[in-house]
Amino acid sequence: MIEVRDIYKSFGKVKALNGVSATIKKGEVVVIIGPSGSGKSTFLRCLNSLEKIDRGTIIIDNIPLTASKTNIHKVREEIGMVFQQFNLFPHLTVLRNITLAQIKVRKRSQEEAERIARDLLLKVGIPEKADNYPFQLSGGQQQRVAIARALAMQPKIMLFDEPTSALDPEMIGEVLDVMKNLAKEGMTMAVVSHEMGFAREVASRVIFMDEGKIVEEGTPERLFEHPREERTRTFLSKVLK
Amino acid sequence: MKFDFDVIAKNLPYLLSGVKFTIALACLVIILGTFLGVIFGILKLSKNRLIRYPVSFIVELTRDTPIIMQMFFIFFGLPALGIRLNTFPSAALAMSFFAAGNTAEIVRGAIDSLPTGQFDAAKSLGMNYLQMMIYVIIPQALRRMLPPMMGLFTTLIKDTSLAAIIGAFELTRAGQEIIERTFRSLEIYLVVAAIYFIICYPLSYYTRKVEKGRVTGF
Numbered sequence: 001m002i003e004v005r006d007i008y009k010s011f012g013k014v015k016a017l018n019g020v021s022a023t024i025k026k027g028e029v030v031v032i033i034g035p036s037g038s039g040k041s042t043f044l045r046c047l048n049s050l051e052k053i054d055r056g057t058i059i060i061d062n063i064p065l066t067a068s069k070t071n072i073h074k075v076r077e078e079i080g081m082v083f084q085q086f087n088l089f090p091h092l093t094v095l096r097n098i099t100l101a102q103i104k105v106r107k108r109s110q111e112e113a114e115r116i117a118r119d120l121l122l123k124v125g126i127p128e129k130a131d132n133y134p135f136q137l138s139g140g141q142q143q144r145v146a147i148a149r150a151l152a153m154q155p156k157i158m159l160f161d162e163p164t165s166a167l168d169p170e171m172i173g174e175v176l177d178v179m180k181n182l183a184k185e186g187m188t189m190a191v192v193s194h195e196m197g198f199a200r201e202v203a204s205r206v207i208f209m210d211e212g213k214i215v216e217e218g219t220p221e222r223l224f225e226h227p228r229e230e231r232t233r234t235f236l237s238k239v240l241k
Numbered sequence: 001m002k003f004d005f006d007v008i009a010k011n012l013p014y015l016l017s018g019v020k021f022t023i024a025l026a027c028l029v030i031i032l033g034t035f036l037g038v039i040f041g042i043l044k045l046s047k048n049r050l051i052r053y054p055v056s057f058i059v060e061l062t063r064d065t066p067i068i069m070q071m072f073f074i075f076f077g078l079p080a081l082g083i084r085l086n087t088f089p090s091a092a093l094a095m096s097f098f099a100a101g102n103t104a105e106i107v108r109g110a111i112d113s114l115p116t117g118q119f120d121a122a123k124s125l126g127m128n129y130l131q132m133m134i135y136v137i138i139p140q141a142l143r144r145m146l147p148p149m150m151g152l153f154t155t156l157i158k159d160t161s162l163a164a165i166i167g168a169f170e171l172t173r174a175g176q177e178i179i180e181r182t183f184r185s186l187e188i189y190l191v192v193a194a195i196y197f198i199i200c201y202p203l204s205y206y207t208r209k210v211e212k213g214r215v216t217g218f
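Top to bottom, those sequences are chains A and B.
Residue numbers for the first sequence follow this note's numbering, beginning at 1 and rising by one.
Residue numbers for the second sequence follow this note's numbering, beginning at 1 and rising by one.
Here chain A stands alone, though its shape is the one from the complex (with noise of 0.2 Å):
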């Protein structure tokens, strides 16, 4: 579903992706961690052409992002992506932040949209929520809408970056059992996070990044137990006590 061979990208003079491949196969989760600066996040923003890569393939779906007769628009159609920030439109209610690309971009009639949208948020647990401004909500509430919101242009991908790094913690449990229900559902997730126990439970696949590469990859109790190099080992040391 998803193809990476060998992408580079650099800001400046800071080398963030130095040669990646990867491939994420319909239906997985893979959960990509890394120390801060690893390039993890960036390696995620390349996937739907938030960053232009400066060298390499992506391919989605069959279609290569890169290439010029691809409309970007389309592709990122069938890609949703949550993010750190949430990043709701915050000039809009709840309900239009979740129905104004449906009706705009899928086309949709408001109708439908608002079905849709309304169907979304009692699984995201706050169909109550609907016509509050998202300043109105708590953190947690609106990552949920943040992910109701991708959910509606019904992708056949997710990209999480980071979704709970600005969370208080009482509010994480919330959003990872929201993600949690649709990797079980089967959705292809791509999913950038420091939440072992989430990794642990749901990945079908871990990565480690280090210094914009990829150090090592395999099922996250391959990967947690029996490190194979020595820098994974140094990371999870620090991250899992």
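Hints should not be assumed to be uniformly reliable.
Partial list, computed: chain A residues near chain B (C-beta under 8 Å) [claimed, not checked]:
id: 1; residue: Tyr-8
id: 2; residue: Asn-48
id: 3; residue: His-73
id: 4; residue: Glu-77
id: 5; residue: Met-81
id: 6; residue: Phe-83
id: 7; residue: Asn-87
id: 8; residue: Leu-100
id: 9; residue: Ala-101
id: 10; residue: Lys-104
id: 11; residue: Lys-107
Distance condition first, Cα-Cα at most 30 Å in a straight line; then the derived BS3-like pairs of lysine-lysine [said to hold, decoys possible]:
id: 12; chain 1: B; residue 1: Lys-47; chain 2: A; residue 2: Lys-104
id: 13; chain 1: B; residue 1: Lys-47; chain 2: A; residue 2: Lys-107
id: 14; chain 1: B; residue 1: Lys-158; chain 2: A; residue 2: Lys-52
Simulated from the structure, these hints should not be mistaken for laboratory data.
Glycine residues also receive a C-beta, built at the ideal position from the N, C-alpha and C atoms.
Put chain B on the given structure of chain A with help from the hints.
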């Protein structure tokens, strides 16, 4: 010297006929300037240098030269190139460019000040550039633009008085004409100033209220 109330009463209708042109000039400049300014402001954010550089050049030119020079250039300078405009259109054109330049900076600043996450979120939902600007970016930028735009409008209304220097008929010019006939500078300029104050004060007052009333975080 005695303060002459009579000269005021007698000449007030003539002053008010000048007010009409002041308001007409201000409205024209505000509408034309805002329209051009929004377009310039968005073009200034373009990634394409062939668009961004020329627009930035025009914007800087209008911002960093005095309005009065721009008026002189259009009214006295352009006839040398065969373009002859009357006083009122000359003033309107010069001030509209000045307004557009300043509006462009306000628009660019408001859009630039939005968190990049808003652009990321709109793009990740598959919106194209136009959809992102219309539904996500501009509605938020508008709220940030409102106080500085209202400040600019106040400045523009006051600066329409500069049109009197190239002889365009408006409030200040009407006042000057009365003084030439009556030699009552004190009374007439006092009334002229009072009329500008009456027009501009509500706008400044409302600007302050808008600034204070802004909801935090948005």
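Hints, one by one, checked against the model:
1. Because the closest C-beta pair between A:Tyr-8 and chain B is about 21 Å apart, greater than 8 Å, the hint is violated.
2. Using the Cβ-Cβ criterion of 8 Å, the hint placing A:Asn-48 at the interface with chain B is satisfied: the shortest such distance is roughly 6 Å.
3. Of the supplied interface hints, the one on A:His-73 holds, with its beta-carbon coming within about 5 Å of a beta-carbon of chain B, less than 8 Å.
4. The interface hint given for A:Glu-77 is met, as the beta carbon of that residue sits about 4 Å from the closest beta carbon of chain B, less than 8 Å.
5. At a threshold of 8 Å, the smallest CB-CB gap from A:Met-81 to chain B is about 4 Å, leaving the interface hint in force.
6. Hint status for A:Phe-83 relative to chain B: holds, with the closest Cβ pair at about 6 Å, below 8 Å.
7. Proximity of A:Asn-87 to chain B holds as hinted, the smallest CB-CB distance being about 4 Å (cut-off 8 Å).
8. At its closest, the beta carbon of A:Leu-100 sits 6 Å from a beta carbon of chain B; the interface hint therefore holds under the 8 Å criterion.
9. Interface restraint check for A:Ala-101: the shortest CB-CB distance to chain B comes to about 4 Å, inside 8 Å, so the restraint holds.
10. Nearest Cβ of chain B to the Cβ of A:Lys-104: about 5 Å, under the 8 Å cut. The hint holds.
11. Given hint, A:Lys-107 at the interface with chain B, is violated; its Cβ is 11 Å from that chain's nearest Cβ, farther than 8 Å.
12. Note on B:Lys-47 and A:Lys-104: the hinted pairing holds, with a Cα-Cα distance of about 25 Å set against a maximum of 30 Å.
13. For the hint linking B:Lys-47 to A:Lys-107, the alpha-carbon distance of about 29 Å falls within 30 Å, and the restraint holds.
14. Simply put, B:Lys-158 and A:Lys-52 have alpha-carbon atoms about 48 Å apart, too far for the 30 Å limit, and the pair is violated.
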